[in-house]
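Asks: For this one, chain A is given, so just place chain B on it according to the hints.
There are 2 protein chains.
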Amino acid sequence: MAMKQVACSAIKAVANSGSSSVLTRQLHASPGSKKIVGVFYKANEYFTKNPNFVGCVEGALGLRQWLESQGHQYIVTDDKDGPNCELDKHIPDLHVLISTPFHPAYVTAERIKKAKNLQLLLTAGIGSDHVDLKAAAEAGLTVAEITGSNVVSVAEDELMRILILVRNFLPGHHQVITGDWNVAGIAYRAYDLEGKTVGTIGAGRIGKLLLQRLKPFNCNLLYHDRLKMDPELEKEIGAKYEEDLDTMLPKCDIIVVNMPLTEKTRGMFDKDRISKLKKGVLIVNNARGAIMDTQAVADACESGHIAGYSGDVWYPQPAPKDHPWRYMPNQAMTPHISGTTIDAQLRYAAGVKDMLERYFKGEEFPVQNYIVKEGELAPQYR
Amino acid sequence: MAMKQVACSAIKAVANSGSSSVLTRQLHASPGSKKIVGVFYKANEYFTKNPNFVGCVEGALGLRQWLESQGHQYIVTDDKDGPNCELDKHIPDLHVLISTPFHPAYVTAERIKKAKNLQLLLTAGIGSDHVDLKAAAEAGLTVAEITGSNVVSVAEDELMRILILVRNFLPGHHQVITGDWNVAGIAYRAYDLEGKTVGTIGAGRIGKLLLQRLKPFNCNLLYHDRLKMDPELEKEIGAKYEEDLDTMLPKCDIIVVNMPLTEKTRGMFDKDRISKLKKGVLIVNNARGAIMDTQAVADACESGHIAGYSGDVWYPQPAPKDHPWRYMPNQAMTPHISGTTIDAQLRYAAGVKDMLERYFKGEEFPVQNYIVKEGELAPQYR
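Those sequence lines, one after another, are chains A and B.
Be aware that the first sequence starts at 1, since it is given in this note's numbering, and climbs by one per residue.
Be aware that the second sequence starts at 1, since it is given in this note's numbering, and climbs by one per residue.
Bound conformation, chain A alone (with noise of 0.2 Å):
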């Protein structure tokens, strides 16, 4: 077994668990120039609309000066996809990639083959399943998140979409803009949250978040997860444990994804498990796209079986013109947008220049941001 050069902390730990078939990287501290490259979504016309727009190419998560005057090299690009894009362009002699869910570089296996001095690669955001994680387990990678940068920025907009589902607002508004006044034709489907049961698969971090901005509606929570919270957290936040995912979801009015997406979680939804679910179910997906059989979810929405669906995320992203989801009755969808509010830019962007400090210097990374270290994944990831 062969071992990598990191900080000391880092080498007791893995002589501690005696882990690993991963061949050698230099994880940290190696010393030198680097090279690193951004993936962000060109912000164009809207960059100089606001001095805080640092998620976008042109912002640069707002590191090009303290990057370059240290010696290092920083590539931006949103060209990430296809033959001859610039992110191919720079796989072979990178050291560190950092991308965002928003406009993901695909990380594939292949692409890490090729990527001979890649050693670390950050999400700005939380969720990389853009990247093959066991490929890079495999390979001696790193990959983190900057976790916590946008888990109330993600919480806030699930409890948007929920209130937009189940008052019905989109047909509303619409009639505006056309010049009608229909109030009857969104009346007949517009309901109250107070009162309906609203179950949430994962409470993570940002499931937590979503109770409890949920518990003051008197709503009927229910959570699922791996692990049931601790008694003092779950009587604060007034939700209830359901051990067996499918014993919860018939009983939901409104469901929300709370979990990555991982083989175990990737089309979960689809048509059988969605033929169970109460006829008229909300459904709000900000985790990932792929989770849900895109076809099934689409057909249940014409069908009437689901009532609303909402979300930011897609498979893959950017959405395809003719993506189902564009077309499909009672959707309330919008491009990957939940996680990237000028707010969770701010911290994403403090929270890349924390790692990246912390990667020069060979030092830890914060525990919870790491989603492979040493061949294992995050147990989230497993």
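Hints listed in this document are in silico derivations from the structure and should not be mistaken for laboratory results.
We put the CB at the ideal spot given by N, CA and C, even for glycine.
Incorrect hints may appear among the rest.
Here are the simulated DSBU-like cross-link-like pairs (lysine-lysine), alpha carbons at most 30 Å apart as the crow flies [said to hold, decoys possible]:
hint, chain 1, residue 1, chain 2, residue 2
1, B, Lys-279, B, Lys-228
2, B, Lys-276, A, Lys-49
3, A, Lys-49, B, Lys-251
4, B, Lys-251, A, Lys-215
5, B, Lys-228, A, Lys-42
6, B, Lys-215, A, Lys-235
7, A, Lys-235, B, Lys-235
Quick look at which bits of chain B chain A covers, simulated, 3 or more residues with Cβ under 8 Å [said to hold, decoys possible]:
hint, region
8, 48 to 59
9, 332 to 341
Replies: Using the frame of chain A, we list chain B on its own:
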């Protein structure tokens, strides 16, 4: 001073108060068959889509069988404006007029003068500004609302609108339906609600429910009202009292209007007051459209001084096709809908039935439901 024939307790109340220069009209407990007219929005094809859809003309608040079995006449219409409208045909001999804020029957002094048998004006919902309250008081009419029937509905809707504006939801949704994908075009003006300053003008029933629902969002909460809350409640809600409205307003990132339309509040958001708000302020108004100077709001949205405006109230209603708020940028408007969810309809239908029962028996209404009683306006309308 002429005294009305009222239930015993009411007689005592009036005798004790020594008030009123009102005309003689039988308010309660006059025996025999009554003519009751309800003005609601029409549902047409939507009526059969939901068995609980009682708030429309066709649903007639679910009261027809009950009223007719007791020998009362019950006319229901949506035809409320213009010469020879259905409502005007019944004005001369109706005893009770039930109306809603969603499709308001404008009860002018002229109509009151013609309505020789009119005793009771009931608002199925909250907000009786569609009635000339001064004329109603002078004519000795009783005006009452179903206070509380839809306060939760409206508060939920306000929180939804705050999030829609702060998080810049609509441009993202618009991209989805037009086949676009441009995260930057949304993100450059999308924010978290957390940490922002939210001020409500009015902290009555709806304002308090909104503040309670805002609490877990970790905002800076302010409220202006005639009265400071009980210190215990204020602490529980976590909002700070602002005695002077014009001191509070420039502090707010988000302003929510939660007060009735009165002669004092009509047009209070004029060009001058808007110019003193924070540049980029967001405004949510589910109270009444006429509290705003329509053109001043549209101009400030055009200039960007107001960065977003959302509400479901307009003047007049239905809003004409050329209403400027349909065309101004960054609006998240709907027709008047927030208080007429299916849940709210069931509550205000039950409330109207209860009030009519009391009226037939000559009993008092719950005190908080009176808007005009024995020539006096409720405090919020003075």
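Asks: With reference to the structure, classify each hint as holding or not holding.
Replies: Hint check results:
1. The straight-line distance between the Cα atoms of B:Lys-279 and B:Lys-228 is roughly 28 Å, inside the 30 Å bound, and the hint therefore holds.
2. For a cut-off of 30 Å, the pair hint linking B:Lys-276 to A:Lys-49 stands: about 23 Å separates their Cα positions.
3. Restraint check for A:Lys-49 and B:Lys-251: satisfied, since their Cα atoms lie roughly 23 Å apart, inside the 30 Å limit.
4. The suggested pairing of B:Lys-251 with A:Lys-215 holds, with an alpha-carbon distance near 28 Å, which does not exceed 30 Å.
5. As the CA atoms of B:Lys-228 and A:Lys-42 are separated by approximately 49 Å, the hinted pair breaks the 30 Å bound.
6. Distance check on the hinted pair: B:Lys-215 and A:Lys-235 sit about 18 Å apart at the alpha-carbon level, within 30 Å; holds.
7. Only pairs whose Cα atoms come within 30 Å are accepted, and A:Lys-235 paired with B:Lys-235 is accepted, the gap being roughly 21 Å.
8. Requiring three or more residues with a Cβ within less than 8 Å of a Cβ of chain A, the coverage given for the region 48 to 59 of chain B holds, as 5 such residues are present.
9. Counting residues of the region 332 to 341 of chain B whose CB lies closer than 8 Å to any CB of chain A gives 9, so the stated coverage by that chain holds, three being the minimum.
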